[in-house]
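Per the numbering used here, the very first residue in the sequence shown carries number 2; after that it's consecutive.
Since the hints were derived computationally from the structure, they do not count as laboratory data.
Ideal placement from N, C-alpha and C gives every residue a C-beta, glycine not left out.
Each hint should be verified, as a subset may be incorrect.
Taking CB as the label site, the calculated pair distances span [what the hints assert, rightly or not]:
1) 31 x 56: 22 to 28 Å
2) 34 x 54: 16 to 22 Å
3) 56 x 29: 16 to 22 Å
4) 56 x 3: 21 to 27 Å
5) 38 x 9: 17 to 23 Å
6) 36 x 8: 15 to 21 Å
7) 16 x 41: 18 to 24 Å
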Amino acid sequence: MARLLFDIFYDEKCVSEDALFEWLRNPDQSETEGHSAVEISTKDFFTWLTQAETEVEEGEEEWENLILVS
2 MARLLFDIFY DEKCVSEDAL FEWLRNPDQS ETEGHSAVEI STKDFFTWLT
52 QAETEVEEGE EEWENLILVS
């Protein structure tokens with residue numbers, strides 16, 4: 002369920018990537034147990050998001066190299 006919500010939040014631009022990663026890196030100390038459960042269920046989401054970011058950065062570098070060569 003949490004994974005679906007994270008997908009919707011991301012797709013609909015309700016929550017920024019930065020905010021999602023901030024939530025992952027800095028859990029609220031009063032919600033440690035709940036945070037851990039959600040973190041486990043959204044692991045694939047964050048893996049996908051990290052890979053997508055890397056692919057975009059690599060694509061931008063390739064585009065910049067094409068412009069410099071031209």
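Okay, the hints, checked on the actual structure:
1. 31 x 56: 22 to 28 Å: violated (36 Å)
2. 34 x 54: 16 to 22 Å: At roughly 29 Å between Cβ atoms, residue 54 and residue 34 fall outside 16 to 22 Å, so the hint is violated.
3. 56 x 29: 16 to 22 Å: Taking Cβ atoms as reference, residue 56 and residue 29 lie about 31 Å apart, which means the hint is violated.
4. 56 x 3: 21 to 27 Å: holds (24 Å)
5. 38 x 9: 17 to 23 Å: holds (19 Å)
6. 36 x 8: 15 to 21 Å: holds (18 Å)
7. 16 x 41: 18 to 24 Å: holds (19 Å)
The structure is inconsistent with the numbered hints 1, 2, 3, although it conforms to all the rest.
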